[in-house]
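*Asks:* Residue numbers for the sequence shown follow this note's numbering, so the first one is 86 and each next one is one higher.
Calculated directly from the structure, the hints in this document are not laboratory data. As the structure is a prediction and not an experimental result, all values here were calculated from the model. By construction, the Cβ of each residue, glycine as well, lies at the ideal position given by its N, Cα and C atoms. Do not take every clue at face value.
Straight-line distance between alpha carbons at most 30 Å, and here's what the computed DSBU-like set of lysine-lysine pairs gives [claimed, not checked]: (1) K182 <-> K120; (2) K177 <-> K112; (3) K173 <-> K112.
Here are the in silico distance ranges between beta carbons for each label pair [what the hints assert, rightly or not]: (4) V164 <-> I89: 41 to 47 Å; (5) V154 <-> L104: 44 to 50 Å; (6) K105 <-> S138: 35 to 41 Å.
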Amino acid sequence: MNGILNWFVEPYIIGVSELKYLARLKKEPASKDKKSRIAQLQYFNILFMAVYSVFALASVAYIVLSFIVVWYGFAVLVVTIPMMVLAKTVQKNRYLKRRDAFLSGDPSMIKYN
Numbered sequence: 086m087n088g089i090l091n092w093f094v095e096p097y098i099i100g101v102s103e104l105k106y107l108a109r110l111k112k113e114p115a116s117k118d119k120k121s122r123i124a125q126l127q128y129f130n131i132l133f134m135a136v137y138s139v140f141a142l143a144s145v146a147y148i149v150l151s152f153i154v155v156w157y158g159f160a161v162l163v164v165t166i167p168m169m170v171l172a173k174t175v176q177k178n179r180y181l182k183r184r185d186a187f188l189s190g191d192p193s194m195i196k197y198n
C-alpha cells in the first residue's frame, strides 16, 4: 500500500522541489531572459501538477464509482493509469534532463537523442 501511495505522490514531490529550486534561482541576480525562462518553468510545473491531479482524481473517483455502479467503471483506469505513467516518464526523462540547458539558453537542448 505504501508503494502505491508513493507512486501516486512522487510527481508532486518532484514538482514541489522544482518550484522551490526555481524560486531560489529567481531571487538570484540574473538577466531578464533567464528570469523569464524560470517563470516559464514555474508555470510548466504548476500546470504539470494540475494535469497529473486530474488523472489521479479520475482514477480514484472511478475506482470508488466502480463499486457503486459495476465492474466496467474500472475501464477508465485503462486510460488514466497509462497517462499518469506517461506524465511521470516525461517529467523524469525529459524535463529534468533539459531544465538546466533551457535555463542557460543552450541550443543543443533541441536534440532529442
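*Asks:* Hint by hint, say whether it matches the structure.
*Replies:* A quick look at each hint next to the structure:
no., hint, result
1, K182 <-> K120, "holds (19 Å)"
2, K177 <-> K112, "holds (25 Å)"
3, K173 <-> K112, "holds (28 Å)"
4, V164 <-> I89: 41 to 47 Å, "violated (18 Å)"
5, V154 <-> L104: 44 to 50 Å, "violated (38 Å)"
6, K105 <-> S138: 35 to 41 Å, "violated (19 Å)"
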